[in-house]
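Protein chains: 2
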Amino acid sequence: MFKIGLDAMGGDFAPEQPVLGAYEAVEKFNDIEILLYGQADEIKKYMKEPHERIKIVHCEEVIPMDIKDPAMAIRKYKDSSMVRACKDAKAGEIDAVVSAGATGALIAAGTLVVKRLKEVERPALAPVMPTIKANKYTILCDAGATSEAKPQYLYQNAKIASIYAKEVLHIQNPSVALLNIGTEEGKGTDLQKEAFKLIQADSSINFVGNMEGKTMISGEVDIIVADGYSGNIALKAVEGTSKSVFSLLKEELMSSTRGKVGALILKPIFSRIKKRMDASEVGGAMLLGVTAPVIKAHGSSDSLAIMNAIRQAREAVSQDVVNKISQALRENVE
Amino acid sequence: MFKIGLDAMGGDFAPEQPVLGAYEAVEKFNDIEILLYGQADEIKKYMKEPHERIKIVHCEEVIPMDIKDPAMAIRKYKDSSMVRACKDAKAGEIDAVVSAGATGALIAAGTLVVKRLKEVERPALAPVMPTIKANKYTILCDAGATSEAKPQYLYQNAKIASIYAKEVLHIQNPSVALLNIGTEEGKGTDLQKEAFKLIQADSSINFVGNMEGKTMISGEVDIIVADGYSGNIALKAVEGTSKSVFSLLKEELMSSTRGKVGALILKPIFSRIKKRMDASEVGGAMLLGVTAPVIKAHGSSDSLAIMNAIRQAREAVSQDVVNKISQALRENVE
Numbered sequence: 001m002f003k004i005g006l007d008a009m010g011g012d013f014a015p016e017q018p019v020l021g022a023y024e025a026v027e028k029f030n031d032i033e034i035l036l037y038g039q040a041d042e043i044k045k046y047m048k049e050p051h052e053r054i055k056i057v058h059c060e061e062v063i064p065m066d067i068k069d070p071a072m073a074i075r076k077y078k079d080s081s082m083v084r085a086c087k088d089a090k091a092g093e094i095d096a097v098v099s100a101g102a103t104g105a106l107i108a109a110g111t112l113v114v115k116r117l118k119e120v121e122r123p124a125l126a127p128v129m130p131t132i133k134a135n136k137y138t139i140l141c142d143a144g145a146t147s148e149a150k151p152q153y154l155y156q157n158a159k160i161a162s163i164y165a166k167e168v169l170h171i172q173n174p175s176v177a178l179l180n181i182g183t184e185e186g187k188g189t190d191l192q193k194e195a196f197k198l199i200q201a202d203s204s205i206n207f208v209g210n211m212e213g214k215t216m217i218s219g220e221v222d223i224i225v226a227d228g229y230s231g232n233i234a235l236k237a238v239e240g241t242s243k244s245v246f247s248l249l250k251e252e253l254m255s256s257t258r259g260k261v262g263a264l265i266l267k268p269i270f271s272r273i274k275k276r277m278d279a280s281e282v283g284g285a286m287l288l289g290v291t292a293p294v295i296k297a298h299g300s301s302d303s304l305a306i307m308n309a310i311r312q313a314r315e316a317v318s319q320d321v322v323n324k325i326s327q328a329l330r331e332n333v334e
Numbered sequence: 001m002f003k004i005g006l007d008a009m010g011g012d013f014a015p016e017q018p019v020l021g022a023y024e025a026v027e028k029f030n031d032i033e034i035l036l037y038g039q040a041d042e043i044k045k046y047m048k049e050p051h052e053r054i055k056i057v058h059c060e061e062v063i064p065m066d067i068k069d070p071a072m073a074i075r076k077y078k079d080s081s082m083v084r085a086c087k088d089a090k091a092g093e094i095d096a097v098v099s100a101g102a103t104g105a106l107i108a109a110g111t112l113v114v115k116r117l118k119e120v121e122r123p124a125l126a127p128v129m130p131t132i133k134a135n136k137y138t139i140l141c142d143a144g145a146t147s148e149a150k151p152q153y154l155y156q157n158a159k160i161a162s163i164y165a166k167e168v169l170h171i172q173n174p175s176v177a178l179l180n181i182g183t184e185e186g187k188g189t190d191l192q193k194e195a196f197k198l199i200q201a202d203s204s205i206n207f208v209g210n211m212e213g214k215t216m217i218s219g220e221v222d223i224i225v226a227d228g229y230s231g232n233i234a235l236k237a238v239e240g241t242s243k244s245v246f247s248l249l250k251e252e253l254m255s256s257t258r259g260k261v262g263a264l265i266l267k268p269i270f271s272r273i274k275k276r277m278d279a280s281e282v283g284g285a286m287l288l289g290v291t292a293p294v295i296k297a298h299g300s301s302d303s304l305a306i307m308n309a310i311r312q313a314r315e316a317v318s319q320d321v322v323n324k325i326s327q328a329l330r331e332n333v334e
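First to last, the protein sequences are chains A and B. The numbering used here numbers the first residue of the first sequence as 1 and each following residue consecutively. The numbering used here numbers the first residue of the second sequence as 1 and each following residue consecutively.
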């Protein structure tokens, strides 16, 4: 039985959607037990009937979604659902943590409470991005856990994201590209130039070279490696642009009768596109490089997104991803 | 009479579209003279009738669009249309340069041939991005001229982009945001933290704080300041995503009869959206911080895009932007 700790208070629609997602998950997988961390009274409001594999771990506090200083929040809210789940993961009481709470807080809790694997220089946040190719997803690593990067971190990102892609997403021989300002070797700042060499020198990585921002969602590669600063900028640019284009489309369609008629006809097609580009179909972002799987579900997660994040956590646990990462990097050092 | 040097050999559709764009420009503006730099025989093929304000400056060479090492290309192709135009701009023979040639080569030619203003630490490439707000554009500065940045460069980018926005695009009191991984002060790497303080301390800049990648094209600010590395990544992520979303839309529409019917009805609306999001309606990217206006038109520029880039160059010359930039930074030093 895999024990998954779910931060029931994290996310824009908590605790309702996390609780509903927990029910969906236990129905789907009979080898998991879910511990709901959070305010018991609040959680109970949304629990249909008792379930033998869903338990509540009462916590008094909640980390707000808009915290400014993540590291301080982790110290301040010691009895919060997020910190408590991370503590229990570190102690081995649970096997993985899923939270739709504040990203910065979860990265801090993952790093400071679950703690970094000693072989990993810096943890990295690895979201799975939808692409325009059907059923093709691309992992971005790092999307913002470590802003100030060194070449060695980028190299490790390539290494650990490859293991994650192989074990959890079942991608054989995942291809890896380095986010850069041009496709030729020798592009970018010293950081990218050095990282390029390190990644290329490791034959266990299926490295295909540099990749520009313009092909982020074209589905050409399985993994895009970046420092946390530019990875975060790029990911948000992609998400924001996609959202902006659809809102512009909606605005233009709704401003005329012709537009409204066309929109009505195309409704099922627009829904399909929306579904294809929807991150919640894929699951959450995994914080790689800490001692237990920590999954960040999108802040706006509905129960489906939570269920998918739990599925991901279950997969990471059953495939023993954490030990495989630690072992791969240990071999590297020896 | 303003003398604009046009690289007739630069761009995917050269020399045809540059030559046609030159004709459109002289018809629109009677105070400009255009010098077409390039292979005379090739250029003449696309010249309708002779025009007293369009002249050819014959150059033997052409810098290829796919050069790998821009600085070396500039030294190697001394008699290329791009380098010759830049030399003449430096010598004061012409007032500005417009080229749709390779971006890296034009940045190198601008920096090494037209040369940096002594008050400017590093030149910056400033494209004008369409946004989802009607008739609202946002300048990105720097989009890739200087990958390895220092806080002082970002501060200067804020300063010179403000002058450009005011003088050439006629935006009163342009608002400036710093591209970052979060909106709160204190976010980002040391580079952004230091740059934030420098920009904030200058009361001549209408600084509104940090901005995330997700609002790049929402049209909230007039200027986004970035280092060349992350600016380039973000710009290409925006352009690539917008293109990807439209190609996904097209694919889905064309895959069913329902889609085709809807597409037919919505054709005029889709055209309008495309036009709104089309960068060629706006003009090119200006290389700020060199001794004469240098405008980079998009590689895929048609005659309209070239004409708009010429319009921009004319405006930059007539408003004496180069001297205003140099003066503003000089006052700063004193």
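I should point out that these hints are in silico values taken from the structure, not numbers from a laboratory. The beta carbon of each residue, even a glycine, is placed where N, CA and C say it ideally should be. Hints should not be assumed to be uniformly reliable.
Among chain B residues calculated to face chain A with C-beta under 8 angstroms, some are [stated by the list, open to error]:
hint: 1; residue: R75
hint: 2; residue: I171
hint: 3; residue: S175
hint: 4; residue: D190
hint: 5; residue: S204
hint: 6; residue: Y229
hint: 7; residue: I233
hint: 8; residue: V238
hint: 9; residue: S242
hint: 10; residue: L248
ask   = Is the interface hint for B:D190 satisfied, with its Cβ closer than 8 angstroms to some Cβ of chain A?
value = holds, 7 angstroms
inquiry  = Does B:S175 hold up as a contact with chain A if the rule is Cβ-Cβ below 8 angstroms?
reply    = Violated. Min distance 18 angstroms.
Interface hint status, B:S242 versus chain A (Cβ within 8 angstroms) = holds, 6 angstroms
Residue hint B:I233, partner chain A, criterion CB-CB below 8 angstroms = holds, 4 angstroms
ask   = Holds or violated: B:Y229 as interface residue toward chain A, Cβ cutoff 8 angstroms?
value = At 5 angstroms from the nearest chain A Cβ, B:Y229 passes the 8 angstroms test, so the hint holds.
task = With a cut-off of 8 angstroms on the beta carbons, see whether B:I171 makes it to chain A.
result = violated, 21 angstroms
Restraint outcome when B:V238 is required to lie within 8 angstroms of chain A by C-beta distance = For B:V238, the interface hint holds, since the closest Cβ of chain A sits about 5 angstroms away, which is under 8 angstroms.
task = With a cut-off of 8 angstroms on the beta carbons, see whether B:L248 makes it to chain A.
result = holds, 4 angstroms
ask   = Are B:R75 and chain A close enough, Cβ to Cβ, to be under 8 angstroms, as the hint says?
value = violated, 17 angstroms
query = Should the interface hint for B:S204 be scored as holding, given a Cβ-Cβ cut-off of 8 angstroms against chain A?
reply = Because about 27 angstroms separates B:S204 from the closest Cβ in chain A, which is outside the 8 angstroms limit, the hint is violated.
Comparing the model with each numbered hint stated earlier shows that hints 1, 2, 3 and 5 do not hold.
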